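Asker: Here the protein sequences line up with chains D and H, keeping their order. For the first sequence, numbering that gives the first Met the number 0 gives the first residue as 0, with consecutive numbering after it. For the second sequence, numbering that gives the first Met the number 0 gives the first residue as 0, with consecutive numbering after it.
In case anyone wonders, no lab produced these hints; they're calculated from the structure. For clarity, every value in this text was computed on a predicted model and none was experimentally measured. Hints should not be assumed to be uniformly reliable.
Some chain H residues judged to face chain D by a derived CB distance under 7 angstroms, without partners named [claimed, not checked]:
#, residue
1, Arg-96
2, Val-97
3, Pro-517
4, Val-748
5, Ser-749
6, Ala-753
7, Phe-756
8, Ala-758
C-beta: ideal position from N, C-alpha, C; glycine also.
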Amino acid sequence: MLVNQFLLLGAVLFAIGVYGVVARKNAVLVLMSIELILSSVNLNLLAFAMRSGTADGHTFALYVIAVAAAEVGVGLGLVLLVYRNRRTISVDELSEMHG
Amino acid sequence: MTGVRIFAVAGEAGHLLDGGWFLDHAWAIPVVPAIAFVAILLVGRRLPMEGSELGVASMVASLVLSAGAAWQWIGRVQSAAEGQFVEPVVRTWSWWRVGGVDFTIGQHADGLAVLVALVVAFISTLVQVYSLEYLRGDRRYTHFFAALTLFSAGMLTMVLAEDMILFLLGWEIMGLCSFMLIGHWWEDGANSRAALKAFFTVRTGDVGLLVGIAVLFFAADGWTRETLGLPGFSIRGISAWALSGEPDATLITIAAVALFVACIGKSSQFPLHTWLPDAMAGPTPVSSLLHSSTMVVAGVFLVARLYPVFFVGFDILGRGPNPVMVIAAITILIAAALAFVQDDIKRVLAYSTVSQLGYMMLGLGAGAWLPAVFHVFTHAFFKACLFLAAGSVSHSASHHSFDMKRDMGGLRRHMPVTFATWTVSTLALCGVFPFSGFFSKDEIIDNVGHNGYAFFMWVGLGGAFLTAAYMTRATWLTFFGESRGAAAGVSHDAHGAHDAHGAHDGHGSHAGPHESGPLITVPLAILAVLALGSGVLNATPFGSGWERIKDWVEPVAAVVPAESPSGGAARVLSAPVAPAAEEGDSHSSPCGSQTPEGGVCYAPQLAHAKFAWSKALLSMAIVFAGIASSWLLTSRLFGARDPRLAGLTARHRLLGAGHRLLVEKYYLDALYERVVVRAIVGPVARGAYAFNQRGLDGIIHAVAAAARVVARVVYGTLDQRVVDGTVNGAGAVAHRAGAAAQPAQSGRVSQYGALLFGAAAAAALVLVLTTT
Numbered sequence: 000m001l002v003n004q005f006l007l008l009g010a011v012l013f014a015i016g017v018y019g020v021v022a023r024k025n026a027v028l029v030l031m032s033i034e035l036i037l038s039s040v041n042l043n044l045l046a047f048a049m050r051s052g053t054a055d056g057h058t059f060a061l062y063v064i065a066v067a068a069a070e071v072g073v074g075l076g077l078v079l080l081v082y083r084n085r086r087t088i089s090v091d092e093l094s095e096m097h098g
Numbered sequence: 000m001t002g003v004r005i006f007a008v009a010g011e012a013g014h015l016l017d018g019g020w021f022l023d024h025a026w027a028i029p030v031v032p033a034i035a036f037v038a039i040l041l042v043g044r045r046l047p048m049e050g051s052e053l054g055v056a057s058m059v060a061s062l063v064l065s066a067g068a069a070w071q072w073i074g075r076v077q078s079a080a081e082g083q084f085v086e087p088v089v090r091t092w093s094w095w096r097v098g099g100v101d102f103t104i105g106q107h108a109d110g111l112a113v114l115v116a117l118v119v120a121f122i123s124t125l126v127q128v129y130s131l132e133y134l135r136g137d138r139r140y141t142h143f144f145a146a147l148t149l150f151s152a153g154m155l156t157m158v159l160a161e162d163m164i165l166f167l168l169g170w171e172i173m174g175l176c177s178f179m180l181i182g183h184w185w186e187d188g189a190n191s192r193a194a195l196k197a198f199f200t201v202r203t204g205d206v207g208l209l210v211g212i213a214v215l216f217f218a219a220d221g222w223t224r225e226t227l228g229l230p231g232f233s234i235r236g237i238s239a240w241a242l243s244g245e246p247d248a249t250l251i252t253i254a255a256v257a258l259f260v261a262c263i264g265k266s267s268q269f270p271l272h273t274w275l276p277d278a279m280a281g282p283t284p285v286s287s288l289l290h291s292s293t294m295v296v297a298g299v300f301l302v303a304r305l306y307p308v309f310f311v312g313f314d315i316l317g318r319g320p321n322p323v324m325v326i327a328a329i330t331i332l333i334a335a336a337l338a339f340v341q342d343d344i345k346r347v348l349a350y351s352t353v354s355q356l357g358y359m360m361l362g363l364g365a366g367a368w369l370p371a372v373f374h375v376f377t378h379a380f381f382k383a384c385l386f387l388a389a390g391s392v393s394h395s396a397s398h399h400s401f402d403m404k405r406d407m408g409g410l411r412r413h414m415p416v417t418f419a420t421w422t423v424s425t426l427a428l429c430g431v432f433p434f435s436g437f438f439s440k441d442e443i444i445d446n447v448g449h450n451g452y453a454f455f456m457w458v459g460l461g462g463a464f465l466t467a468a469y470m471t472r473a474t475w476l477t478f479f480g481e482s483r484g485a486a487a488g489v490s491h492d493a494h495g496a497h498d499a500h501g502a503h504d505g506h507g508s509h510a511g512p513h514e515s516g517p518l519i520t521v522p523l524a525i526l527a528v529l530a531l532g533s534g535v536l537n538a539t540p541f542g543s544g545w546e547r548i549k550d551w552v553e554p555v556a557a558v559v560p561a562e563s564p565s566g567g568a569a570r571v572l573s574a575p576v577a578p579a580a581e582e583g584d585s586h587s588s589p590c591g592s593q594t595p596e597g598g599v600c601y602a603p604q605l606a607h608a609k610f611a612w613s614k615a616l617l618s619m620a621i622v623f624a625g626i627a628s629s630w631l632l633t634s635r636l637f638g639a640r641d642p643r644l645a646g647l648t649a650r651h652r653l654l655g656a657g658h659r660l661l662v663e664k665y666y667l668d669a670l671y672e673r674v675v676v677r678a679i680v681g682p683v684a685r686g687a688y689a690f691n692q693r694g695l696d697g698i699i700h701a702v703a704a705a706a707r708v709v710a711r712v713v714y715g716t717l718d719q720r721v722v723d724g725t726v727n728g729a730g731a732v733a734h735r736a737g738a739a740a741q742p743a744q745s746g747r748v749s750q751y752g753a754l755l756f757g758a759a760a761a762a763a764l765v766l767v768l769t770t771t
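Generate coordinates for the entire structure from the input sequences, incorporating the hints supplied.
Answerer: As structure tokens, then:
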């Protein structure tokens, strides 16, 4: 089977996502990068589900999609509130919690 | 214009027409506009016509493809033997296989699908051409064309869907696009409210579709897999299963009810019809498309597509009236009555659509499958034409107003083409003899009576009377009498001036009423020709040789040998049954009346009423009575201002109450918004608050009280002596460690992220190293 290729694609997606989370300053882009990471995880789940031939991986991937949808809803809500309060969504500006 | 283009392309591709290329590639009909939608969004703004050319081109391509498919389907049907079931052209592709269930995507091209796809592509093309002029200079011109194209793509997907999942996808795409298009001018609060209302009302019904699909899948999957080798989502599988005599009566009734709830929402039948008139908030081309061939027809199409499920589930042609007919009959009458009190020309047409959808549902509920499908076909042309004509009036004569009483009147002199097309379509809608509506609507009424539902036949005739009357009223108010308001060249603030009839023969954009440009009048003229002529495609009065749509579209109720589960090639055998009965109730085929042996049935056996001029003359007389009485009343009331009629609703108590009931739309909107929504929202919010106050807070208070007691003891003994000593020591250590680690706590999210992923990577490395 083509499991290796799927895993490779998943790894690449994951790396792009991590880069986005670490390097991008726009909060919306950070959220999108998190989605990429979740997609790569889904891809891995499905790739292994394909190899094992059971429905478990598919089910779990569907759960991940549902949770990701909820996460985006909450995340975008937070971004909107941050924007209303501070007129910016750059994550670098949000450093009140520094020690 | 478009028609010429089709034939030119069809001529070049003559060698393609002979085989089955177009039927085999029917899946491309929805795919082309779907690709165009993405392309318009990506590059539309940079194109010379801001993306509209992509939309129009994709619809023309769809039209060519569906015309080719229709041509080949007709060829296939005509070469088939009498009484032989013509297999639909099915191609599937499995995209997800899990737990022994195959999820497929594919096309199901048969007479019904090809007919509706052709109508959708045709109307969409004309509406897009019309929109080039109507929406010129709009803020969101590109987005409008993108949404319009996706709208058509959704309907075409649904029409050609092979299984219920793809069907659901197309259905939901349409729901989304109708929301986007109705709320196109969302800056106005009323428009976005109308869009939300349409979306949520239709969604209420959509729950039924999901439930219905799930019930059908779990009920039918085993049988279809064993007998036909098809998954339980397949439309063929479900149809054959419903007619196999296998299904449990309760189960299939539940499925039929659930699916019909979805149809009530989508096709705006009573009691969920309230969204459709408000959907007028969208631009007129949207109303035209939404009302004629897409969206509202989807519910009717679902019943026609899965007809065996409804046929068996509701016991159509069995004893007594079924829910489909009852809902349809209520819808026909109440919607027609509502059309009398509307001042907005588009709202009159909207209620007329609701009422006409009632006719289609009535036909389907009474076993008149073909007349109902034929009514979908003819209604698409004349209703699209009526809406586009109303748009033409508001675009060129009444300063974008749709108020018939305030801003129209006497427009026949200024807009001859619009007036002519409107009149032709009105006569078609009323069902006057040579026009298309006569052949379809009269067939429905006739067959309803023929199948033994006399009461519902009279409901249909009463509806025809009301239709003729309210359309006459709208025609009179718009095109006859004196020009009023904007049509007379006055602004809304200054009323009363009824001068200036011929004075503004303007060529400027707003220099008084004038005829619209060719991009508007040419689609109108094409549609008017079809509103006049499309009836002859199934002209029952002229003999069975004229019933072409019946031969092409109605599936033959014949026993077909079941495909082998291993997926071998489907062999179409000439089934040993007599051809479908022309008249009479005798069932010549076992389909629908008993369990088929030695094969499966895909379509139930239906009877057709024999045409009689006496019945046609009766309905003609009713229609003309409606036109004449309405003409007299309207011209006396609005033209001559007869003192006996003017203000009658204010003087007469009973009439006033009736009028008020209609103006308030039977108080259904008030019921939904004030009672239903509040009844759900209010108690839920109050209940959540009470739970929060008593339940959660109570727990928290109890925990806090317990904690205080424990804390007091601990403080006295343990804390002061043991812990403090340790803490002071630890504090000193922590202080120094914290100072050292402080740079890590930068408060910068990206740095935290980097640390998180770095730690995860390190942990993963450790895991890999320890396990290998």
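Asker: So, for every hint listed, does it hold in this structure?
Answerer: Checked hints:
{"no.": "1", "hint": "Arg-96", "in the structure": "violated, 9 angstroms"}
{"no.": "2", "hint": "Val-97", "in the structure": "holds, 5 angstroms"}
{"no.": "3", "hint": "Pro-517", "in the structure": "violated, 46 angstroms"}
{"no.": "4", "hint": "Val-748", "in the structure": "holds, 4 angstroms"}
{"no.": "5", "hint": "Ser-749", "in the structure": "holds, 5 angstroms"}
{"no.": "6", "hint": "Ala-753", "in the structure": "holds, 5 angstroms"}
{"no.": "7", "hint": "Phe-756", "in the structure": "holds, 5 angstroms"}
{"no.": "8", "hint": "Ala-758", "in the structure": "violated, 12 angstroms"}
In this structure, the earlier hints numbered 1, 3, 8 are contradicted, and the remaining ones agree with it.
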